[in-house]
Amino acid sequence: MSTNTEGPPVTRDHEPTQVADDGMEVIARTQGQMVLRRFLRHRAAMLGLGTLLFIVVLAYTSIGYGPFGGWWDKSFLRTGTVLDGGRPTLFTEGFALGEHPFGQDNVGKDYFALVMRGTQQSLVVAFIIGIVTTLLGTLIGAAAGFFRGRTEAVLMRITDAMISVPTLIFAAIVAAVFGRTGIVFLGIALGVVTWTGLARLVRGEFMALREKEFVEAARAIGTSNWRIITKHILPNTVGVIIVTATLAIAAGILLETALSFLGLGIQPPDVSLGSLITEYQTAMVSRPWLFWWPGIFIVAIALSVNFIGDGLRDAFDPRQNRVRD
Amino acid sequence: MSMSDPAHPEDATTTPPLDAVDGRTSDELLRVEDLTVSFPTDDGLVQAVRGVSYSVREREVLGIVGESGSGKSVSSMALMGLLPKSARVTGSVYFRGRDVLQLREKHQRALRGSRIAMIFQDPMTALNPVYSIGDQLAEAVLSHHTMPRKKALDRAAEMLDMVGIPQARERLRNYPHEFSGGMRQRVMIAMAVINNPDIIIADEPTTALDVTVQAQILETLIEVKDAVNAAIIMITHDLGVIAGIADRTLVMYAGKPVEVAETGPMFANPRMPYTAGLMGSIPSLEDSTNERLRPIKGTPPSLISLPIGCAFEPRCPLSTAECLETEPPLTETDKPDHVAACHHWQKLAAVDDPTAYFRTESEVGR
Amino acid sequence: MAVFILRRFIISTFTLLAASFVVYFGVSISGDPFEDLRGIQDEGDAQIQIAARRELLQLDVPVPLRWFNWLTGIFRGDFGLNIRNQDVSALLSNAAAATMQMVIVATVLAIVLGVTVGIVSALRQYSGFDYSLTFAAFLFYSLPVFWVAVMLKQYAAIEFNNWLRDPTISPTVTVVVALLAAVAWQALIGGDRQRRLVVSITSFASTAAVLVFFSTTRWFADPGFGTIVVGVMSVISAVVATYLTAGFRHRPPLQAAGATAVAGVGFYLVGGPILAEPSAWTLLGLFVLGIGAALGIGAGLGGIHRRQAMSASALTAVLVSGVIFMDQLLQAYERFFGLVRGRPISTVGSATPGFTGNFWEVGLDSISHLMLPTVALLLISFAVYTRYTRASMLEVMNQDYIRTARAKGLTERTVVMRHGFRNALIPVTTLMAFDFGAVIGGAVITEQVFGWQGMGTLFIRGLNEVDPNPVMAFFVVAGGSIVVFNMIADIAYAYLDPRIRLS
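Chains as they are written, first to last, in our numbering: chain A, 1 to 325; chain B, 1001 to 1366; chain C, 2001 to 2503.
Hint data in this document are derived by calculation from the structure and do not stem from the laboratory.
The structure displayed is predicted, hence computed values, not measured ones.
Keep in mind that a hint or two might mislead.
Claimed, not checked - Chain C is nowhere near these chain A residues, computed Cβ spacing over 12 Å in every case: (1) 30; (2) 32; (3) 54; (4) 61; (5) 78; (6) 136; (7) 151; (8) 174; (9) 212; (10) 220; (11) 239; (12) 268; (13) 270; (14) 294.
What the hints assert, rightly or not - Listed next, with one range per pair, are the computed distances between beta-carbon atoms: (15) C/2326 to B/1158: 46 to 56 Å; (16) A/231 to C/2248: 52 to 62 Å; (17) A/108 to C/2097: 29 to 39 Å; (18) A/285 to C/2171: 54 to 64 Å; (19) A/36 to C/2097: 46 to 56 Å; (20) A/317 to C/2177: 33 to 43 Å; (21) B/1227 to A/231: 50 to 60 Å; (22) B/1068 to A/317: 17 to 27 Å; (23) C/2461 to B/1042: 35 to 45 Å; (24) C/2177 to B/1151: 45 to 55 Å.
The beta-carbon is built from N, C-alpha and C at its ideal position, and this holds for glycine as well.
Work out the full structure, taking the sequences as your base and the hints as a guide.
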């Protein structure tokens, strides 16, 4: 697989290309269209998007979520008889799922259902982390970058204090405090300790943009601060924010699995992908599939999201990939 | 590699002795023949330079004028071998009779900075921020001459002094960020002439500077050029600069030269509507008639899909059906050294003020 | 510059202080410190134990005051007692040594490898090498550390040790590895089709030959270099060092580097007795002496190229020292192999309990314990440094001053090494500070997988037992080392960027 962004031209019929009468080609594209076009051409990102969608759909339709039932009849909580040593039945009889596609654990729980449940919970936590991080990071970074002075000093000292401690340490502590209150609170709590990177980036962007002529111009005609921030500066930082938010989701997945490994994440009987690996790590030799499936799902999700983030970065800021002329 | 004082540049390169090449006049230094440069991009092939030919004589100042994107900078980067690897370059560049583009990388490099030097547009970014001025100047000497570092630094101080930087020896220890923009451009000039080059390519050397500093820098450049007996290719979009210093001028449009002549006659009698248009678009203090400026309307064509005929046709007040169909070649006009690429140069020759053709356009248009 | 660094140091000390309160507070309220005692059947006994613990942990004192008491204790070097009434300072000193060793080795390796690979990747942008590396970096970002650690433990330790009983390489493996080597080398070296073909064939043949040699001589059962390999590698070191520092345009740097290599090999041949049972200090002294001698050789032979000659020979000395060090380690392998009963790659702990031996054997023992946790820890940082350096280098190589350097007629080597590399390193130093914290976080996890009694254990156990003092001990060491590392990064930054240094 490659992350080629300058591959052979792909035929596109939706492109707003007009051929003028004088034979000169005029290609008119808005900023948004150009970003979308570059993103759609990023093959790795498209592959990542496809994989992620597939996993999301699979996880939520198979065993259902909340009041909605799914097409898979086994529960992740129900134990049963262990068939064939719990070996996976996926593709053992042709192209079919079989009775227990991902196998069973030692008490006969259906591992497919468990992995699906783990995927659901990990995704929920990761997305909540992503959302909370983005909101906090943008808010704090924007305030610090725009207002300067005391506001900035206070906010950036807080940021520095948080950065000076490894994220995992803070995360472990908030997980210890909030972890038992359910996954939504866990996600929010983790979001509260991971916004620092984005805040610094947004602050940097704001500091650069607030000196730009178009902001000066807006200020000169008496535009309010709120309007300058929301209409003039924020749209110009949206690329950085979206990219970082995406990467925060990938980091969130891994953070949740790490905490689960330390026994601080999602608490039994509920499961996450991280807690599954932790629970079955000793089965590496006897029943390796119990170790492999959740790991593969974590890597697939994180990799997909990271590639999507890379595609977005290239789409918003193609500088790095362009040959200078 | 034999070596001596940089004041005697002849032995600075390892290249073989020069042979006279057919058609080269005795004092011709550089001849560019049918140079083309194109860049593959996502949207197609950008034809940045589409066949440029000119020559530069010893100690001459050749001005190259054009809008941004006319290929003036790209063509000069091509003859320095500084284009990115993706660029496709064809044609020939004869320096003292040898085709630079055919030379091996090693020999090309021996010319670069030694025989052919370059000054760039933005002095704020053209110097490496992490090395002192002395280091960077000495490096230019040491990359072509084998000598103790101390001697190279002496040479650097001498050059800084020549370009008008006071306390040159002390300032060698300073870093670029400790200099103003004008001073940095002086350093760039010192760096360009430190190996006594035969030709200096100055790519918009004053564009990024304050107006008051611009004149000083041009003056310094001319003084230094005379001191080392170099020729200059002055690339600019500023006709004022050209009028001030260029002996001959080449006007470029959409990757091609459209008019070449001695500067005086060209300014007095342009033979290409584009040149006339450029002159009409400069404000003049002496002009008491209270006339409006006469800008050229429209924009240059896309270099990806050029028209079949004259590239200037869509913007030209003289255009006819002929201009749409065939691209005019660069031909001799009413004077032998005055060449222009226009089907209708006679029309310009027929009137007193060729810029007047642009008058109706702009003034009616409002 | 001193003012700049001192200011940063004071600010980070204060932020650390503030953070310490947050951590202390968080741990204190994170749960029920009596959870394990609630299960005790005998009501009275439970009450007594709970009262004792309340006394021990000063639970009647408000949290901020407890934090303050803890803080004053720290300044006296007293880390307090843990929930089991053990002295945390004593626990910490053992734990910190093991963990910091791993963290520092991982960080240094990640920086050296990541920066090197990132630069090459940038210079070979859009090559097969670049694409594979990009993919690898993304994969490493996406791997859960403990998942990798568990896999390494299974495949790189247990299965590898099993394989060592009969260390032969099957023909299939030989062919596959040689093919991979061929693909990698041609992508790395590049050039036109013919050159790539030649490189592919050469690297395929030589890799296959080496593997067959290893297999038939059962090299892995008792690995070693021998004099010839040491000699050849020293000469290669001299050439590489000269290429990197001075280039081959002038003779003297190469001569100086060559002379240094010869001197190094000479010492290797006659210095056996000194090297047989050295102390760490002897080795360090020899190393410094070697560098000094190399600088002398460079100055003596350099002539007017003294500067380049000195750096070429000094770098040669570093590389040759490395070669000799490796050789000596491998010479001790046989005895070490016997001492660990034929299972050299360890999966548990940071040292074999009760292991004694000379410097080389102890060295092998700690390398064999450090290796896998370090690799697991390294992957993410390596990926981060690679991507970051690559981006930085690409950015720098597009700068105007690189064009100026080319216009001066400098060789591509000088442009890249002197003008590109130096500037590309500046933003990387700021990454160092961030990444170090992440590595410490990662170490907490790897330690758990590999069963180290390190700082991570101190932290996790303290957190689970709602016992602030061990957690705070971890915090002080982690936070303190992050502050120190930040300072190193600041100094490196100031050294690299005169705009900071002179302001």
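What are the numbers of the hints that this structure violates, sorted from low to high? 8, 14, 17, 18 and 23
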